[in-house]
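Using the sequences and the hints given, assemble the complete structure.
Numbering (full-length UniProt numbering), first residue to last: 1 to 396.
Certain hints may be false.
What the hints assert, rightly or not - Derived lysine to aspartate or glutamate pairs resembling EDC-like cross-links, with alpha carbons at most 20 Å apart: (1) Lys325 with Asp313; (2) Lys325 with Asp389; (3) Lys325 with Asp392; (4) Lys87 with Glu395; (5) Lys87 with Glu121; (6) Lys370 with Glu55; (7) Lys87 with Asp389; (8) Lys87 with Asp392; (9) Lys370 with Glu65; (10) Lys87 with Asp393; (11) Lys325 with Asp393; (12) Lys87 with Asp313.
Because the hints were derived from the structure by calculation, they are not lab data.
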Amino acid sequence: MSCRAASWWRRASRRIWPRIRPSTKPISGDVMDVVDLTRRLIAFDTINPPGVEAEAMAFCAALLEAGGFTCRLVPQGPGRSNLVAEKGTGAGRALAFTGHLDTVPLGAAPWRHPPHAGVIEEGRLYGRGSTDMKGGVAAFIVAALGAPVPPGGIVLLLTAGEETGSDGARAIVEAGPLPPIGALIVAEPTENRAVPGHKGALWLRLVFHGVTAHGSAPEAGVNAIEAAMVALAAIRQIDLGPAHPVMGRPTLNIGTIAGGLNTNSVPDRCEVTLDLRSVPGGDHARLVAQLRACLPEGSELHRIVDLPPVWTDPAEPWLAGLTTKSAARSGQPVAPSAMSYFTDASIFTPALAEVPTVILGPGRAELAHKTDEYVSLARLEEAVAIYRDALDDWEG
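Dropping the structure here:
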């Protein structure tokens, strides 16, 4: 980090950080910076629902503005907002980074460390959101603040509400035009492996109706749970489409089922939720039509989440170069892979005319949403270096 950058970093630290997490530890060097910033982001309780990401977004905006970025907060209901930060844009196409600040709930199991304390132990930083994905956000903020502005500029897209269907990304897209963007790095957890795509998500709620009757005379009613069972048996036989050479086959999970009020009554209502994960070439409209054909008359089908898959040809020149260079730093394989989870790229990539997109972040996917979530300090440092490489190599 340059002396000038270090100077404004210290000024920003003194102005806006003490109220979040008082610290006497000096800011000295990239590793210290990214770890400290990750800890400070973890300190914000942004569990979704309800989210309440606005204070964390304002904190990031103040930090970035102190580093010369122009920032725009995009509201998303009470206590919630998103952030668009840009620097050096206007001529050519920018390199963009994106990450979300909301996290999932803690779960019932006790944590070994307080989930918002940012405890460091044996090279690991513990806390909710450390791996998914406040560590990734901290890494690209540190990289963007410390790197020279490349041709075309830098754009940072920080979102709320990703965990419940990318609502924040959608709000940013709907709020108005973004600067010209040539490629997108999604800092979701991959242990710094360059991953060229992920599956899509189609979450559905099915409602089955029946007629109530006494449990001793079921023939006098219509059992909504039994209707759901028949429909689900048919749904399990649906052809979800062909496999993708890297992502594999599309999948279907029956996530929840709820029906009936008491044991000795025929249930007149049953609700089921489904989680379908699609691959490139799949058609969500076709899948919905197939599902509707399995439902009895009078049933309901509601879309909860509808996000397309994302895929960039691994041979695309920018992605191929980034994959090779990042692998040299991380030791990760260069062979193409894909993530099964969805990201905000399902919203941003189509809105940006299908720009080359890569998922690449310091977290470990297997730890996301788990008790005692953590991120490796070494991977945080490594991510900053990889993101700076990407900025140094960007040609607009």
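**Study point:** 20 Å limit on alpha-carbon distance, applied to hinted pair Lys325 and Asp393
**Key:** 10 Å, holds
Exercise for review: Would you mind confirming whether the straight-line C-alpha gap from Lys87 to Glu395 stays at or under 20 Å?
Suggested key: Roughly 15 Å separates the two Cα atoms, so the pair holds.
Review point. CA of Lys87 to CA of Glu121, is that 20 Å or under?
Key: Answer violated: Lys87 to Glu121 is near 36 Å, above 20 Å.
Check your understanding: Taking 20 Å as the top limit, are the C-alpha atoms of Lys87 and Asp393 close enough?
Key -> 17 Å, holds
**Study point:** 20 Å limit on alpha-carbon distance, applied to hinted pair Lys87 and Asp313
**Key:** 28 Å, violated
Check your understanding: Taken at face value, is the distance from the CA of Asp392 to the CA of Lys325 at most 20 Å?
Key -> 12 Å, holds
Practice item. Verify the proposed pairing of Lys325 with Asp389, using a straight-line Cα cut of 20 Å. Key: 8 Å, holds
**Study point:** Hint consistency between Lys87 and Asp392 [alpha-carbon to alpha-carbon, up to 20 Å]
**Key:** Given that 20 Å is the threshold and the Cα spacing comes to 15 Å, the pair holds.
Exercise for review: For the pair we were handed, Lys370 and Glu65, check the Cα-Cα distance against 20 Å.
Suggested key: 34 Å, violated
Exercise for review: Measure nothing beyond the straight line between the CA atoms of Lys87 and Asp389; if it is 20 Å or shorter, mark the hint as holding.
Suggested key: Roughly 17 Å separates the two Cα atoms, so the pair holds.
Exercise for review: Could you grab the alpha-carbon distance between Lys325 and Asp313 and see if it respects the 20 Å cut-off?
Suggested key: 17 Å, holds
Check your understanding: Has the given pair, Lys370 with Glu55, been kept, meaning a C-alpha gap of at most 20 Å?
Key -> 24 Å, violated
Violated hints for the displayed structure, listed by number in ascending order: 5, 6, 9 and 12.
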